[in-house]
Amino acid sequence: MIGPMARADLRRVTSAGSFLGPLETEVMVRLWKRRSATVRDIVDDLGRSRELAYTTVMTIMVRLQAKGLLLRERDGKTYIYRPAYSRAEHRARVSRDLARGLVDEFGDVALAAFSAELDGVDARHRAALRRLARREDRGPR
Amino acid sequence: MARADRAFTLVLALALASGAILVALLATLLPRVGHLLTNGATDVADLVAALLLLLATCGIVLGAGSLLRQLAGTAKLIRALLARTVPMPARVRSAAHGLGLDGRIAVVDDERPFSFCYWFLRPRICLSTALVRHLDHDELRAVLLHERCHLRQRDPLRLVVARSCAAGLYVVPVVEELVGFYTLQKEIAADEEAVQSAGGVRALARALYKLLPEADEVSLGLLVPVSSLSITEARIERLVVGGEASLRLSPLSLALSAGALLGASVLVAVGVGTRMTFESLPPLLAVLLLLVGPASLLSAAAVEGGLHQVRLVYGVVRR
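In order, the protein sequences belong to chains A and B.
All letters in the first sequence, in the order written, are residues 1 to 141 by my numbering.
All letters in the second sequence, in the order written, are residues 1 to 319 by my numbering.
Hints were generated in silico from the structure; no laboratory data involved.
Certain hints may be false.
What the hints assert, rightly or not - Straight line, CA to CA, 25 angstroms or less: simulated SDA-like cross-link-like pairs of lysine to any residue:
id, chain 1, residue 1, chain 2, residue 2
1, A, Lys33, A, Arg63
2, B, Lys210, A, Arg87
3, A, Lys67, A, Tyr85
4, A, Lys67, B, Val108
Based on the sequences and whatever the hints tell you, model everything.
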């Protein structure tokens, strides 16, 4: 059963940015890899492939922390950041949010939807769809 | 006639037939309301009549409640989303070119990638900016073709009617199962139209794949009771291998529905114990076979169907 608390939590997850921006994603990927890092560590990591200002990365990491995706603790004069969720946990949260989002927020809605609520899809069907999506068209099916 | 149309017609036909029997039963009972309110239940026939009136009241509350909940929930959702309408992006205009959807598409600013068809008499299509951002021209066109099918069929209206019928006719639980089948068939029909109009399956498959939640092998617990597949899985099977999804009704649901309708018919025939034919039979036989037995059949179906409707309201199970 999805009670009021769960619904509020889902809305919070939504506002926490189910879909991260490109730079946010890069920062999260590096933090999932490193497990914990300072802003400087991430600037150096990202700096190998592109030029980014320290303040830009810091802004992104502070934003991710505000969204609840990063935790931080002070170590002397610097903050050490670490992911609040593993990558798998984050994906599962995003999935739940996307799948339930609209209907859980608004209850028994009458919509005919392509994707308002994509429900559970197992790995076998996912793989089959991926193959179909990558196949060249040869007629209607 | 397309399978989605046939499924909807089946829902309506069963709803009308069942509704006619149950309304006839209610009409038989109404003259006794005054007597029951004044004197209370004085014999078994009165007790059965009181029980049936209670079941009928539950049906009216469930049906009207479902209708109101759907209308209110949809209006609230649409109002919230349309407050964030943005000017139509050129990519959407280009993808919709020639589809006859002028003035029927709204694009709303939202981070969730979704699209749906809404409103009842003159439906419209809603796309989120995230969806527009994620899909290329062909994929976007495939999604619009899918939604256009829902729009032409007025599927949101059909859905409201079908769900309200299923809730009101909770003593005939097979109606709810048929609504589930219709829900699947309308999505498959929209996919088919999109594939045929786009001239291939790939754009639609790519769009669907891009929008799937990223949760490999994570059960989201949102399975819809259409065989053992979720609706999205059934759509994928249809896209990949073709073939028709067969209608599988639960034997329990079928038995309870048949029992309830048989019971209601018997109770109508004997006027819930007021007809002369009833009074001319041996009392014990008449009471057991023509009153208590039929009422028990109705009650058993009411408990099963009623609990399911309550679970739907509280989100324990999904349509």
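Structure versus earlier hints, numbers of those that do not hold, lowest first = Violated: none.
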